Amino acid sequence: MSVDVGDDAEPITEINVTPLVDVCLVLVIIFMVTAPMMTQSKLSVTLPKAATDESKNEDHVTITIDKDGKINVNETVVYSIAQMEPVLARKLAQSDEQVVIIKADELLENGTVMDVMEAAKKAKPNKIYFATQHKKEGI
Numbered sequence: 270m271s272v273d274v275g276d277d278a279e280p281i282t283e284i285n286v287t288p289l290v291d292v293c294l295v296l297v298i299i300f301m302v303t304a305p306m307m308t309q310s311k312l313s314v315t316l317p318k319a320a321t322d323e324s325k326n327e328d329h330v331t332i333t334i335d336k337d338g339k340i341n342v343n344e345t346v347v348y349s350i351a352q353m354e355p356v357l358a359r360k361l362a363q364s365d366e367q368v369v370i371i372k373a374d375e376l377l378e379n380g381t382v383m384d385v386m387e388a389a390k391k392a393k394p395n396k397i398y399f400a401t402q403h404k405k406e407g408i
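Position in the sequence shown counted from 1, then plus 269, gives you the numbering used here.
Since the hints were derived computationally from the structure, they do not count as laboratory data.
In this text, all values refer to a predicted model and were calculated from it rather than measured experimentally.
Backbone N, C-alpha and C fix where the C-beta goes; we use that ideal spot for every residue, glycine too.
Each hint should be verified, as a subset may be incorrect.
Straight-line distance between alpha carbons at most 25 Å, and here's what the computed DSS-like set of lysine-lysine pairs gives [what the hints assert, rightly or not]:
#, residue 1, residue 2
1, Lys336, Lys360
2, Lys360, Lys391
3, Lys336, Lys391
4, Lys360, Lys396
5, Lys372, Lys391
6, Lys339, Lys372
7, Lys372, Lys393
8, Lys360, Lys390
9, Lys360, Lys372
10, Lys339, Lys393
11, Lys390, Lys339
What follows is a list of derived Cβ distance ranges for each label pair [to be verified]:
#, residue 1, residue 2, range
12, Asp291, Pro355, 34 to 40 Å
13, Ser349, Val302, 18 to 24 Å
14, Thr401, Thr287, 51 to 57 Å
15, Ala362, Thr287, 50 to 56 Å
16, Asp291, Lys391, 54 to 60 Å
17, Ala304, Lys336, 39 to 45 Å
18, Lys390, Val292, 52 to 58 Å
19, Thr345, His403, 25 to 31 Å
Take these sequences, add in the hints, and give me the full structure.
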């Protein structure tokens with residue numbers, strides 16, 4: 270089973286780019302799948318429902334508390350309320366509006382939320398807001 274190539278066979282001087290294109294497409298697909306995961310919050314929080322407008326401003330400091338009491342300040346993990354205070358003060362100093370938004374899970378005890386709010390007051394923000402989910406009409 271030999272193939273006769275003849276005497277006039279020239280060496281292949283072009284680079285086959287098909288494998289390169291295949292690898293690039295696989296990398297693009299991997300990045301497209303993993304990119305949304307990078308922007309999601311590390312803590313899963315179910316916000317309480319309310320009939321209020323959403324905040325449109327992005328220049329604020331967000332304190333997120335999950336149902337187990339784990340605290341994040343703008344995606345920075347803190348392990349206690351005492352550790353949260355200097356982190357919050359530093360983040361507020363970098364913020365123009367000096368606004369704190371507290372995102373607390375609806376299953377969280379109110380005492381924990383109050384402790385976080387008292388610690389946030391020590392940083393002297395202009396305003397403190399509580400994040401909620403938009404309440405659907407008729408419910």
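- Task: Please test the hint of 51 to 57 Å on the beta carbon pair from Thr401 and Thr287.
- Result: 53 Å, holds
- Do Thr345 and His403 keep their Cβ atoms within the hinted range of 25 to 31 Å? 27 Å, holds
- Message: Between the beta carbons of Asp291 and Pro355, is the distance compatible with 34 to 40 Å?
- Response: With Cβ atoms ~50 Å apart, the hint is violated.
- Message: Next pair to validate is Lys336 with Lys360; report whether the Cα-Cα distance is within 25 Å.
- Response: 23 Å, holds
- Quick one, are Lys372 and Lys391 close enough, alpha carbons at most 25 Å? Distance of about 18 Å is within 25 Å: holds.
- Taking 25 Å as the top limit, are the C-alpha atoms of Lys339 and Lys393 close enough? Holds, at roughly 22 Å.
- If you draw a straight line from the CA of Lys339 to the CA of Lys372, is it 25 Å or shorter? With a Cα-Cα distance of about 12 Å, the restraint between Lys339 and Lys372 holds, given a limit of 25 Å.
- Lying within 39 to 45 Å: is that true of the beta-carbon distance Ala304 to Lys336? 27 Å, violated
- Message: Does Lys390 sit within 25 Å of Lys360, going by the straight-line distance between their CA atoms?
- Response: 14 Å, holds
- Message: Taking the Cβ atom of Ser349 and the Cβ atom of Val302, is their distance within the range 18 to 24 Å?
- Response: 36 Å, violated
- Query: Under the criterion that the straight-line Cα-Cα distance not exceed 25 Å, is the pair Lys360, Lys391 satisfied?
  - Reply: 13 Å, holds
- For the pair we were handed, Lys336 and Lys391, check the Cα-Cα distance against 25 Å. OK: Lys336 and Lys391 at ~24 Å, within 25 Å.
Violated hints for the displayed structure, listed by number in ascending order: 12, 13, 17.
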